[in-house]
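Kindly produce the complete structure, drawing on both the sequences and the hints.
Here the protein sequences come in this chain order: A and B. For what it's worth, the working numbering labels the leading residue of the first sequence as 886, then goes sequentially. For what it's worth, the working numbering labels the leading residue of the second sequence as 9, then goes sequentially.
A couple of the hints might just be wrong.
[Said to hold, decoys possible] Cβ-Cβ distance ranges computed for the label pairs, FRET-style: (1) B:D55 with A:I960: 50 to 56 Å; (2) A:Y970 with B:A86: 32 to 38 Å; (3) B:H197 with A:G991: 35 to 41 Å; (4) A:A896 with B:V228: 21 to 27 Å; (5) B:H157 with A:G948: 17 to 23 Å; (6) A:A992 with B:R199: 29 to 35 Å; (7) A:A915 with B:N225: 29 to 35 Å; (8) A:L963 with B:V69: 28 to 34 Å; (9) A:Y921 with B:R13: 55 to 61 Å; (10) B:V194 with A:Y921: 38 to 44 Å; (11) B:P204 with A:E990: 37 to 43 Å.
[Said to hold, decoys possible] Just some of the chain A residues that point at chain B, by a computed CB distance under 7 Å: (12) A942; (13) G946; (14) A981; (15) L983; (16) A992; (17) R993; (18) V994.
If you are wondering where the hints come from, they were derived from the structure by calculation, not from laboratory data. Here the structure is a predicted model, which means the values were calculated and not measured. Don't be surprised by glycine CBs; every beta carbon is placed ideally from N, CA and C.
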Amino acid sequence: MIWTKALLIGAVVLLLAYLFSSRRNAQSRAWVKVGYVFFVVGAIYAILRPNDTTVVAHWLGIGRGADLLLYALVIAFLFTTISAYMRFKDLELRYAQLARAVALEGARVPEDDTRQV
Amino acid sequence: MSLYRDVWIVIPAYNEASVIADVVADVRAVFPNVVCVDDGGRDDTGDRAFAAGAHVVRHPVNLGQGAAIQTGIEYARARPGAQFFATFDADGQHQVKDVVRMLDRLQSEDLDIVIGTRFADRPPDRMPMLKRLLLPIVAKLSRSSRQLHLTDAHNGLRVFNKTVADALNLTMNGMSHASEFVSLIVENHWRIAEQPVQILYTDYSMSKGQPLVNGVNIIVDGLLRGRLRR
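Below is the structure:
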């Protein structure tokens, strides 16, 4: 039971490390999509045969399938929150660059200054 | 007057219409070149700064102080003859005579950048108690400001040369740009010195100050810095 918890915590930490270390390039976005497909397939399977999740949970030393699903959901939630946050930060930066370009285009120069140069 | 022809003062301003004209006039009494970045405010800050003789660049939307400083520097460094740059607060808490001293020091000691400090001898009068306690601790906590032996982590008064201005690329739009600035100094090995400055904590500037909780944002941004695409 202890090692299962260690495994779960390790998974969360690894995920965080991966997210923070990788740049948001096309490759990592592709892996996110692959992960999403697995998630959906797994979800459909769990709906069709809920008792099977308990079997898998037992392999991992967890009492109930519902607990296993909860853990998986927490990890998935963390993953999406952090990647959304990183994406927003990235967009914010580009948005600032765009606004800056607009601002510099429309700069107002005082009259006495145009004479000096 | 023409003594400081090669100096540009960058003033980021957000809804500062009540004080901006005085601040710009004050600065212009010594430094002819002032660029005021109106950070998409709702009042007529930009118009008043322009009337007071400043160059005005206006963000179409509000972006934050870091972005405003970057915009101001990008404008100023493209002006012909610009050699020296200073960032200066719009709320009137900085003093022009401090800029003059910092500029003298920059030139006489062959430095790249001079940053103001509020903690050189004793904390300034009227500085809020919590800030008085926390700001020196923050300066000690940050790895880059420790490397540089800085005593003040977030002082908005800075004077620097064209080397710094040309390389400057602040990506933190909000208040985290101060720590980002310090990290950039470390990464680029710029020669730096601290200069004691006097900050006037007026009722106006205190009403516009940062709540300390915002420090959490600064810490998180610091952790994320460098993990984002530039």
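In rising order, the numbers of the hints this structure does not comply with: Numbers 5, 12, 13, 15 - these are the hints that the structure violates, sorted from lowest upward.
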